[in-house]
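Trainee: These are the residues of each chain, in order.
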Amino acid sequence: MSLLTLSNLSVTLRTRAVLRDVSLDIGEGEFVGLIGPNGAGKTTLMRAALGLLPFSGESSLTALPQHERARIAAWMPQSREIAWPISVETLVLLGRIPHLGAFGDPSPEDRARVDAALDWMGLDAMRHRAASRLSGGEQARALIARALAQDTPLLMADEPIAGLDPAHQISTMRTFAQLAEAGKSALVSLHDLGMAARHCTRLVMLSEGRLVADGPPAEVLTPERLADVFAITAWYQHTDQGTVYQPLEVLR
Amino acid sequence: MSRLAIGLCLLVIALFAASLLIGPAGTGPGESLAALFAGDGGPLTLVMREIRLPRAILALMIGASLGLAGAAMQGYLRNPLAEPGLIGVSGSAALGAVLSLQTGLAAAFALALPLSALLGALIGMGLVMALAGPRGGSLTLILAGIAVSALAAALTSLVLNLSPNPFAANEIVFWMMGSLADRSFTHVLLALPLMALGALLLALVGRGLDALTLGEDAAGAMGIDMRRLRLTIVTGTACVVGAGTAVAGAIGFVGLVVPHVLRPLVGARPSRLLWASALGGAAMLLAADIAVRVILPARDLKLGVVTALVGAPLFLHLILKLRTERI
Amino acid sequence: MPHRAGPCILAFPRASDRRRGSGRRSGAARLACAALAALAALGALTPAALADAPDRVVSMNLCTDQLAMLIADDGQLHSVSHVALDPRASAMADEAARHRINHGRAEEVYLMQPDLVLTSTLSARHTTAMLRRLGIPVITLAPANSLEDVHDRILEMGAALGREDRARAIAAAFDEDLARLRATATTRPSAVLYYANGYTLGDQTLAGQILLAAGFSNAASAAGYETGMRMPLEVLAMTAPDTVVTSRRYPGASRAEDIMDHPVVQALRHSSTAAAIADHDWLCGTPHVLRAIESLVRTRRALQGDGS
Chain A
1 MSLLTLSNLS VTLRTRAVLR DVSLDIGEGE FVGLIGPNGA GKTTLMRAAL
51 GLLPFSGESS LTALPQHERA RIAAWMPQSR EIAWPISVET LVLLGRIPHL
101 GAFGDPSPED RARVDAALDW MGLDAMRHRA ASRLSGGEQA RALIARALAQ
151 DTPLLMADEP IAGLDPAHQI STMRTFAQLA EAGKSALVSL HDLGMAARHC
201 TRLVMLSEGR LVADGPPAEV LTPERLADVF AITAWYQHTD QGTVYQPLEV
251 LR
Chain B
1 MSRLAIGLCL LVIALFAASL LIGPAGTGPG ESLAALFAGD GGPLTLVMRE
51 IRLPRAILAL MIGASLGLAG AAMQGYLRNP LAEPGLIGVS GSAALGAVLS
101 LQTGLAAAFA LALPLSALLG ALIGMGLVMA LAGPRGGSLT LILAGIAVSA
151 LAAALTSLVL NLSPNPFAAN EIVFWMMGSL ADRSFTHVLL ALPLMALGAL
201 LLALVGRGLD ALTLGEDAAG AMGIDMRRLR LTIVTGTACV VGAGTAVAGA
251 IGFVGLVVPH VLRPLVGARP SRLLWASALG GAAMLLAADI AVRVILPARD
301 LKLGVVTALV GAPLFLHLIL KLRTERI
Chain C
1 MPHRAGPCIL AFPRASDRRR GSGRRSGAAR LACAALAALA ALGALTPAAL
51 ADAPDRVVSM NLCTDQLAML IADDGQLHSV SHVALDPRAS AMADEAARHR
101 INHGRAEEVY LMQPDLVLTS TLSARHTTAM LRRLGIPVIT LAPANSLEDV
151 HDRILEMGAA LGREDRARAI AAAFDEDLAR LRATATTRPS AVLYYANGYT
201 LGDQTLAGQI LLAAGFSNAA SAAGYETGMR MPLEVLAMTA PDTVVTSRRY
251 PGASRAEDIM DHPVVQALRH SSTAAAIADH DWLCGTPHVL RAIESLVRTR
301 RALQGDGS
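Chains as they are written, first to last, in full-length UniProt numbering: chain A, 1 to 252; chain B, 1 to 327; chain C, 1 to 308.
For the record, the hints were derived by calculation from the structure and aren't laboratory data. Ideal placement from N, C-alpha and C gives every residue a C-beta, glycine not left out.
Restraint-style ranges between C-beta atoms, simulated for each label pair:
#	chain 1	residue 1	chain 2	residue 2	range
1	B	ALA147	A	ALA177	47 to 57 Å
2	B	CYS9	A	ARG16	49 to 59 Å
3	A	ASP105	B	CYS9	16 to 26 Å
4	B	ARG323	A	GLY163	18 to 28 Å
5	A	SER23	B	ALA150	46 to 56 Å
6	A	THR12	B	ALA130	22 to 32 Å
7	B	ALA130	A	GLY39	25 to 35 Å
8	B	ALA147	A	THR12	25 to 35 Å
Not everything, but these chain B residues come out facing chain A in the computed CB check (under 10 Å):
#	residue
9	GLY75
10	LEU214
11	GLU216
12	ALA219
13	GLY220
14	ALA268
Just chain A, same shape as in the assembly (with noise of 0.2 Å):
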């Protein structure tokens, strides 16, 4: 089943084109990278995909009234906004505002996914904590926990793993793979080629704006494109460990 279908989307801001004709279809189970230079529409083509600007073409989220997308694809923006010194855990429960009833009173299933989330972000510890005090990276890490929490089939990132140490950088990729293992998928935007590279099950390269590959990581990363897009050259190569990819020289 597909969780996620764009075709044609395009926005222009302004007057200029930020994005043309894009058409993308996520179904289950995947853990898709979607990797391009600074500029190239990577956030602009996930917040239209949600419905958060105006676009031209279709979005199967947009689709839906709005409370019903929130239940099918959640969201983590790059700003890690935290406005207030709520606690962790509170802030986690935040990812269960589309499952609650009227009055707003959390579920003791809605307190188990919050249980669930923070346990796999490793945020137990500090689950009482105030989220706005906590370092870069453990405010990633609880955001990244609050859309978990969301228990969405699909869930969309905007460079997660940006500012994570090496160790929660390889985790937090680990628990998106997971997901997409237990059938839902994730659609990630990241920098971090040899991280997309090794734990992606697909990637989906931008351009200018508009889509250049889509496909698993070995058939997008290949050294014309890198040479194009990213104006680099890389060494990429199975081994026994995984699959390594390492980015050389600038060509430009």
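Go by the hints and put chains B and C onto chain A.
Mentor: Here is chains B and C on its own, set in the frame of chain A:
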């Protein structure tokens, strides 16, 4: 009901009772309450029912409104400095009220007074939000607030100075600082409809404000209709602030102090802060109104003087705190 | 604390001073009044020094305006204040319209080249001081705080204008009418004068004396408000007078005047058969106060339900 809710309710009840029992008539509490409830038609009954009761009810209503409005605005703008008085919403409401009084509109039909104040508040709020932007930092918000406040204050003074009524010009201070002296049930009834509507609207925004803790994008993706939320908050705030200002003048700092004090006690959750601030605001204004009567019983000391004495130092403290973080 | 500010206190509800736009009705102003009252005593002495009757007189105060209009010879009074034109404050608005109007500013008054300026001891003293520096004789009259003061002011005005005979005639007529009107009622209904801002006037004021002359007792005085003071609404309610006399409202709205519509005031007024309004006849110590007494006597009779 949490312990906080019970504590705040008891505080409000105690202050309400104190407000009923303190006044220049200087009668005993038992005697006063007997006159209030039994109602023998004597002078004390008149004092209790027509002077003190409406005054206490207005303090309760307006205080709750200001607390609620402060919590809602702070939640929406994600800024602890947002407050109807400081950013000029109350001042604009006062301008609307003064205009309707001096043009005779308020005399033509009674609800014109709160409705004009509502319109003033809406314009003021719209101006501030347009100037500060949806995610304006503290600095732009405060600058926009200063601009709108100054303009509203100047126009209010101008209208009152141009009034053919010799007393009007002396009432600039009432419109800037607020007072509940000599108000009656007429004023309660004038303020009540809009205030109830506004409170109802603001009671609905809790979930949206919670979600907004993580920013507009995250809230939008959690199923919160941002446009509707903005409209609800602007309308609700303008309703409660407009209705309150129309009968009691602009009273500042309640919406700043109360959410700030109560925020740690509700775990900083904007939704829980809403009702807590309503109760806290009622308590603060009842206390302030008791204070003005105790400090200078015979004079009409303005409420805004007392609230500013408490609020302004806190405001400075907040600015110092935010200086390093956000401005 | 009851202010011992004597005559000055009456100045507050007087429209002439209100309309000058001064917000100075606080305690500070009352203190300043005490100083002015002392000056007034000096000012009152000066008329005797004037040998010839002035023939170009400018009055800058509502009360001196009216006294001057009553006493001056044709053409003698050149200008009166703009307040005298306002029928809400002035009992002689029509008469005032026949004169040139001034706004009590030193510059405009100086340019009128008067040989005498008349004003109240309470009027802007900077203006009077300035005019005196410019060499223009200024005579200040103290406000009347009693009906006896009215008699004295008439004579003082006569002396200032060199019209002593006319003044004596008016004063005599005033005394006669007053004696006729002055009530000797045995049962006096109680009344409170209640103005904008909850201001009340006690026995030691002209309005308080009018009230007494008309056969009322002043409940504010009984409650300790001897002069002009703010009386909280609660105290008014507890005083529970037989009637409340309020003042006429000005156009435009003010919260200060709203108090006269408060349910408490309305309840106290409602219980009386007639509600008196203190209007332009009450403001100044002129023979017009007789009209105020007359209408108040009618109110009292209606209140007591007798035709006597």
